[in-house]
Amino acid sequence: MGILVVAEHNNASLNGATLNAIAAAAAIGGDIDVLVAGKGCGAVAEAAAKVAGVAKVLVADDAAYEYQLGETVGDLVAELGKGYSHILAAASTTGKDFLPRTAAILDVNMISEITAVVSADTFARPIYAGNAIATVQSSDAIKVITVRTTGFDPVAAEGGSAAVESVSAVADKGISAFAGEELAKSDRPELAGAEIVISGGRGMQNGENFEMLYKVADKLGAAVGASRAAVDAGFVPNDMQVGQTGKIVAPNLYVAVGISGAIQHLAGMKDSKVIVAINKDEEAPIFSVADYGLVADLFEAVPELDSKL
Amino acid sequence: MKVLVAVKRVIDYNVKVRVKADNTDVDLTNVKMAMNPFCEIAVEEAVRLKEKGVATEIVVVSIGPKVAQEQIRTALALGADRGILIETEEKLESLTVAKALKAVVDKEEPQLVILGKQSIDNDNNQTGQMLGALTGLPQGTFASEVAVDGEKVNVTREIDGGLRTVALSLPAIVTTDLRLNEPRYASLPNIMKAKRKPLEVVAPGDLGVEIKSTQTLVKVEAPAERSAGITVSSVDELVEKLKTEAKVL
Ligand SMILES: Cc1cc2nc3c(=O)[nH]c(=O)nc-3n(C[C@H](O)[C@H](O)[C@H](O)COP(=O)(O)OP(=O)(O)OC[C@H]3O[C@@H](n4cnc5c(N)ncnc54)[C@H](O)[C@@H]3O)c2cc1C
Ligand SMILES: Nc1ncnc2c1ncn2[C@@H]1O[C@H](COP(=O)(O)O)[C@@H](O)[C@H]1O
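Top line first, the protein sequences correspond to chains A and B. Numbering of the first sequence is given in the numbering used here, commencing with residue -18 and proceeding in unit increments. Numbering of the second sequence is given in the numbering used here, commencing with residue -11 and proceeding in unit increments.
Keep in mind the hints are simulated off the structure, nothing from the lab. Keep in mind that the hints are not guaranteed to be accurate.
[What the hints assert, rightly or not] Using C-beta positions, here's what the derived DEER-type ranges look like:
1) A165(A) x K207(B): 52 to 62 Å
2) E192(A) x G150(B): 17 to 27 Å
3) G(-17)(A) x T202(B): 17 to 27 Å
4) S215(B) x D213(A): 37 to 47 Å
Glycine included, each C-beta is placed from N, C-alpha and C at the ideal position.
I would like the entire structure built from these sequences, with the hints used as guidance.
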């Protein structure tokens, strides 16, 4: 009985989060197969076959999987997953969408966002916005798991030579369809994989002021994030939100600018290696997790930082 | 159309929870409890659909202890028409909750079921999708916009890369994200009125639901504490420390 890891991709390239999920599978131990479900996703399958430690790549190339709909992918993964001891996917908005569906079809519970593997049936995961870490043991016949990427170092993208095998699609029930999308376009690194993240909060006052952060980010090769307050106020789009209910990041350096440090925000960034906080309120809770705190007006500190880099 | 909303009683989001000294669980004694914030958004969305004339009846359901009636009453005060409590004092896992909700869906036959995307206690983000699988209904998860259009509902979803819209045939399941709406507060007259709205209490067995557990909580620990850092007095000092001490620049 092996482990099935469902690849994260956009039909053209393999998303790095898959490498973290495979690392979690390797920590569990056993043969690792990777499923690539998509449309015209041959290049993704080839990339998956090269990943270190992968035994076999299953490819379901069908129009039903082009947009990774939870209904169709959930059905497919349940059908293929029957023969495995574990089914894993990255805890992305895609994995979170289809995998609980798969679990329910298989009549098993699911374990969300694991950050560590204790043994083949026991896993650690944060609960209560990261204010507690639960160790959970599952007695389900098939363990269905999403993997928080920050908990596992990625396996090498090269070095493997897995066999690639086509699998047939499961009938699409036709109850849902893709109807459009608005994807953020940015030349900056993705929040999830960035070495440096610089985030702005309500203190930024408006979207234009985020330009200050973009300038610093471009000098540092950093990604730019935001608090929920900044997103809610419309300063920046939702895909930039860091926190309990946004993205979870753990870069080498996290710079929080004009962010107070609510527990829901901390949940998304407090595992960063080094945290810097710039805030004019010396009582702001963000300083309790910051390695370096600068009590200053951001409108002076950020341009100065920009000029000194 | 009839809308079913699932609401959960959880710790208030402002409370910083503590782990019990014996590491068996978190300590919830005397902690303020409330409706899960994502469920408040679900109730609000249903009420807005009713105000627009799209929804005709809003039924709220919760699975949990007797005191979860408080959260159902809150939903009734916000505009829901009637409530159902599936009462149990037992610890619940998502699959059981989804099965209980499926039993209610079978009985009530709503056109739309709205849930929160995530409980802020267990941070699971599972129940709506599981209900989708059990009922065979389509799902619009992490919704930031819901537009009912005849026999279909268009749901705009917050995804990692931005926004994506899916068209679902009705009946359908929606799970709410934070930006779907901003929930209102209940007015005093509405709180009074809610006391007279119907609230049915049933046992899981009445719905043919068995409470099963497949997960054991081995232990619960506090996360690694970050040691308090230092305050720097200038941008120069900050850059210097990041270069020479932290070595991240
Ligand atoms: C269910 C739920 C989920 C949530 N999920 C998330 C989440 O995922 N992520 C998230 O971030 N939040 C989340 N929140 C919201 C969270 O509780 C806070 O409201 C939010 O993080 C606050 O954002 P902020 O720090 O930018 O704003 P505020 O708390 O308003 O802080 C602004 C800060 O800017 C500082 N400031 C203002 N002007 C200046 C200046 N000129 N120079 C320097 N500093 C300045 C102020 O001193 C203040 O500390 C969630 C809330 C709920 C209920
Ligand atoms: N015990 C419960 N009673 C009613 N609804 C629930 C319960 N548990 C979960 N839900 C619903 O499912 C959503 C997601 O919860 P979860 O899957 O636990 O993160 C919640 O926001 C509720 O809408």
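Q: Return the numbers of the hints above that this structure violates; sort them in rising order.
A: Per hint list: 1, 4 violated.
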